[in-house]
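Just so you know, the sequences run in chain order A and B.
Using this note's numbering, the letters of the first sequence correspond one by one to residues 1 to 274.
Using this note's numbering, the letters of the second sequence correspond one by one to residues 1 to 375.
Mixed in with the good hints there might be a few duds.
What the hints assert, rightly or not - Distance windows between CB atoms, simulated:
1) A:H15 x B:K247: 22 to 28 Å
2) B:R344 x A:G162: 52 to 58 Å
3) A:H15 x B:Q202: 58 to 64 Å
As the list claims (entries may be wrong) - Pairs of lysine-lysine, BS3-like flavour, derived with a Cα cap of 30 Å:
4) B:K301 x B:K235
5) B:K340 x B:K370
6) B:K255 x B:K301
7) A:K87 x B:K235
8) B:K5 x A:K269
9) B:K260 x B:K325
10) A:K141 x A:K223
11) B:K46 x A:K87
12) A:K36 x A:K210
13) A:K177 x A:K140
14) B:K46 x A:K190
15) B:K350 x B:K247
16) A:K269 x A:K36
17) A:K161 x A:K242
18) B:K372 x B:K350
19) A:K7 x B:K235
20) A:K141 x A:K36
21) A:K87 x B:K320
22) B:K46 x A:K269
23) B:K261 x B:K350
24) B:K194 x B:K255
It should be emphasised that the hints constitute simulated quantities derived from the structure, not laboratory data.
Glycine included, each C-beta is placed from N, C-alpha and C at the ideal position.
Residue strings, one per chain:
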Amino acid sequence: MEAVYEKYFRDNIPHIWCAGCGNGIVMGAFARAMEKLGWDQDDTVVLSGIGCSSRITGYLDFSTMHTAHGRALAVATGVKMAEPRLKVVVFMGDGDAAAIGGNHFIHACRRNLDITAVVINNYIYGMTGGQFSPLTPFGKKATTAPYGSIDRSFDMVELAKGAGASYVARGDVFHVKQLVDLLAEAGEHKGFSLVEVISACPVSYGRNNKMAEPIDLLMQIKKDTVNIKAAQNMSEEDLAGKIVVGRHYQADLPEYSEVYADMVAGLQKGGEGR
Amino acid sequence: MSKVKLIQGNVACALGALAAGADFYAGYPITPSTEIAEFMASRLPKIGGHFIQMEDEIASMGAIIGASAVGHKAFTATSGPGFSLMQELLGYAVITELPLVVVDVMRAGPSTGLPTLPSQSDVQQARWGTHGDHAIIAISPASVTETYFETIRAFNLAEKYRTPVVLLIDEKIGHLRERFDVPDDFVPKIINRKTVVDKKAQYVPYENTADLVPPFVPLGQGVHWHITGLTHDEKGFYSSNPQVVDKSIRRLSAKIEDNKKDICKLETVFTEDADILLVAYGSVSRTAQEALNQLRAEGIKVGLVRLITLWPFADEEIAKLLAGKKAVMVPEMNLGQIFKEVDRVARGVKVFAQSRVDGDLITPAEIVAKVKEVL
């Protein structure tokens, strides 16, 4: 791990995250996934939105861009369209990707540009102190849902599939080895890929929901998650309340920048494009 | 000899952008700017550039910011409502110092307002629409040909000062078809953002250089630098150190405000012997010129200051032109957005606003009548 630290992190650790936060686990898993993929850091741009998880770009030793709240995918779309040779990875939080960035998220799925999106879902707006997000489960408490959230939550996996993403996976911060594999697989996939990562925020989510100790949330994640292979043999009843982790969907669909390049090539030959 | 060409202001803007080296356009359809997007959708793929229609104006700004960050000359075009949505990321481009051009073909607001009719009511939105202290460059052309040249200048200023530039075209100029006076063999002077020779040698992305504009290396070219909308130190990383923040926020404004001589552009017509001055811009400046001609024919000494750069406001230059005049009149298609600026620098000279906000142009006869009333 020492070598991975040396290679992928800037020399500005310690990070700002609280004890027990899942963001560091995801960042570590991403570095290991990079090591697996062997991508050239010079040709990789890592972007993020705004929130605790989005501070990840400050620590990673790549060309990095900490954008505005919800807008990371819109900016990443410009990066990838303008320079298709670059590898593009985007980190977002749950409020960031599913609320303020929801529109950009579904359209990024639909276009299928080769971008790897990682949504770190800790069920809460952490940086602002614990308000409910569109991914906060129904009934869970938050500072703006003191009597339990009455909002239905999005299922990011179903949302991404429905919107047209060509690779959709869900991992979590307890099963780290699997997370590394999923991140690497998503990176390798050509087209828009989503990895939702079920994460832990003991300070803002846990404290509001009787899981204030870091270990409480991790054990809860361990208890709630079911591997997708095991889930195939389980009844709907058994799966109620469970979080299915693993690769949910993968399809070979035309990648947007390649379709565009084909059109350009056709036009430059004097044709009518596609 | 070139053939006489009749083209629309919006198309002249698109041609100017291409001449300036723009190779990336992201936008969302909105009247009365859509012809710019349509032109770029047709032309950019043919020359290997990039066109993308985004899901909204916020995303359009995001995409051109991304393209600029990896070294491309990028722009978008919109109108008032879309320009409002762009304000959030316009501020991001200001603080991250990413060059780009936003074209706002102005229609009357607030809100959906008068989508197909001319207005100049986004002038202060361009200045102060995004939150936080900042300076901005905004340019407002008055003819189809000038739209072409000023679009090129907008890109050049964006690159030179590492900043977003707003091109404020009123609907009348955007949709006007008139003679396009650009020779076929015209080669514009192009400015590209300053870079560093040795990209790996300790690049300081927000260095406090003497000219106030730090050099730029595109992301994805080997230098692992960090861009953030947080206040940042010279290396680009978040800082809340009061001295660092103070220095960087002041530099952002100073790099524009201290270079007014280079950025500000205006034209004067008969200002020296004039008793009364008209200050106008965009299509209204053409009406003002016609009113001036009529008044001069009657022996009334009227002059015209035609503003081309609106922001930064050329305080001192305008104050000098106004000094000693009997009165100054500012006709514009809003409730006095530039009038208030002129009044601020007038130093005792009486300034009158002439506003029209009903979607119709101000006529020469109206200006003539108002001048006679003021005299």
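task = Verify the proposed pairing of B:K5 with A:K269, using a straight-line Cα cut of 30 Å.
result = holds, 28 Å
- Query: Between B:K260 and B:K325, is the straight-line Cα distance small enough, at 30 Å or below?
  - Reply: Holds - the C-alpha atoms of B:K325 and B:K260 are around 24 Å apart, at most 30 Å.
CA of A:K161 to CA of A:K242, is that 30 Å or under? holds, 19 Å
Can you confirm whether the C-alpha distance between B:K46 and A:K190 stays at or below 30 Å? holds, 25 Å
Using the beta carbons of A:H15 and B:Q202, state whether their distance is inside 58 to 64 Å or not. Because 24 Å falls outside the window, the suggested range is violated.
| said: Hint check: B:K372 vs B:K350, CA-CA at most 30 Å. Holds or violated? | reply: The hint holds at about 15 Å.
Between the alpha carbons of A:K7 and B:K235, is the straight-line distance 30 Å or under?
holds, 20 Å
What's the verdict on A:K87 and B:K320, does the C-alpha distance respect the 30 Å limit or exceed it? violated, 55 Å
Run the distance test for B:K255 versus B:K301: straight-line Cα separation, threshold 30 Å. Judged against 30 Å, a Cα distance of about 38 Å means the pair is violated.
30 Å limit on alpha-carbon distance, applied to hinted pair A:K141 and A:K223: holds, 20 Å
Worksheet item: Is it true that the CA of B:K46 sits at most 30 Å from the CA of A:K269?
Response: holds, 9 Å
* To do: Take the C-alpha atoms of A:K269 and A:K36, compute the straight-line distance between them, and say whether it is at most 30 Å.
  => violated, 39 Å
Checked against the numbered hints above, the structure breaks hints 3, 4, 6, 12, 15, 16, 20 and 21 and satisfies the rest.
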